Amino acid sequence: MHRLNVSLNRSKGILRNTKGLTMVELVVATLVAAILMVSISLFLPLVFKVYQSSLNLSNASMLKSTIESVLKEELQYASNIQILNNGKVISYLNSNTGDSQIYVAEENSIPTPKKEDVGLPVLQFGNGYNPLMYKEHIDNKKLELRFTYNEIQHLVEVTVTLDNVTSSFVVELLNEEDDMQ
8 MHRLNVSLNR
18 SKGILRNTKG
28 LTMVELVVAT
38 LVAAILMVSI
48 SLFLPLVFKV
58 YQSSLNLSNA
68 SMLKSTIESV
78 LKEELQYASN
88 IQILNNGKVI
98 SYLNSNTGDS
108 QIYVAEENSI
118 PTPKKEDVGL
128 PVLQFGNGYN
138 PLMYKEHIDN
148 KKLELRFTYN
158 EIQHLVEVTV
168 TLDNVTSSFV
178 VELLNEEDDM
188 Q
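Take 8 as the starting number for the sequence shown in our numbering and just add one per residue.
No lab work stands behind these hints: they were computed from the structure.
Certain hints may be false.
Listed next, with one range per pair, are the computed distances between beta-carbon atoms [stated by the list, open to error]:
| id | residue 1 | residue 2 | range |
| --- | --- | --- | --- |
| 1 | N66 | V31 | 51 to 59 Å |
| 2 | M44 | V96 | 51 to 59 Å |
| 3 | L43 | R17 | 35 to 43 Å |
| 4 | F55 | S174 | 22 to 30 Å |
| 5 | S60 | F176 | 22 to 30 Å |
| 6 | Q160 | L91 | 18 to 26 Å |
| 7 | V57 | V96 | 36 to 44 Å |
| 8 | N103 | S60 | 34 to 42 Å |
| 9 | K95 | Q59 | 28 to 36 Å |
| 10 | V54 | L162 | 41 to 49 Å |
| 11 | A41 | K149 | 38 to 46 Å |
| 12 | K95 | K56 | 27 to 35 Å |
Just so we're clear, the structure is a prediction, and the values are computed from it rather than from any experiment.
Heads up, the beta-carbon is just placed ideally off N, CA and C, and yes, glycines get one too.
Make the full structure from the sequences, and use the hints.
See below:
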């Protein structure tokens, strides 16, 4: 019985104890939490923007590398090179495809694609519709190509502009004419 009495007295003491959170403390804690939440919500868009920017830069770099390797592979054995349309089109003879051209196709100048070809071709070569790359590969970025041909050194310089970022590379021509000399 004595234990029960002690236990009841202790319970009454706890109930009478007025220590706890006051309204002021509760408001201050809520304000601190709100300030933290606002700070985090203002910081997150900045972090996302930096992440998106670095992702776009990485994708653009990868696309430029892909374009470079595709063009080098196509042009390295080219002969009878002519630059047309103020450097926007390169015309050449390829031992595999015959007379060919590489250019950035525009939507209104595209021949009707075959059913198995999907999307808007961005680079075309050969007679007719032989796409090197599609718009999906370029990720709908604005692409421009400029070609210059150095007959003396037998080099083609290609300038690639992808979403207003420009880079250049050189293709050394390795056609049969060079092997004979």
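Outcome of the hint check:
1. Checked against the given bound of 51 to 59 Å, the beta carbons of N66 and V31, roughly 53 Å apart, stay inside it.
2. The hint said 51 to 59 Å for the Cβ distance between M44 and V96, and at roughly 57 Å that hint holds.
3. Take L43 and R17: their Cβ atoms lie about 38 Å apart, and the range 35 to 43 Å holds.
4. Our hint of 22 to 30 Å for F55 and S174 holds, since their Cβ atoms are close to 27 Å apart.
5. Checking the proposed 22 to 30 Å range against S60 and F176 shows it holds: the Cβ atoms sit about 24 Å from each other.
6. In this structure the supplied range 18 to 26 Å holds for Q160 paired with L91, their Cβ-Cβ distance being about 20 Å.
7. A C-beta distance of roughly 39 Å is found between V57 and V96, which places it inside the suggested range of 36 to 44 Å.
8. Checked against the given bound of 34 to 42 Å, the beta carbons of N103 and S60, roughly 40 Å apart, stay inside it.
9. Here the CB-CB span from K95 to Q59 is close to 31 Å, well matched to the stated 28 to 36 Å.
10. For the hinted restraint 41 to 49 Å between V54 and L162, the CB-CB distance of approximately 44 Å keeps it satisfied.
11. Checked against the hint of 38 to 46 Å, the C-beta distance between A41 and K149 comes to roughly 44 Å, which is consistent with it.
12. Distance hint check for K95 and K56: the Cβ-Cβ separation is about 34 Å, which falls inside the suggested range of 27 to 35 Å.
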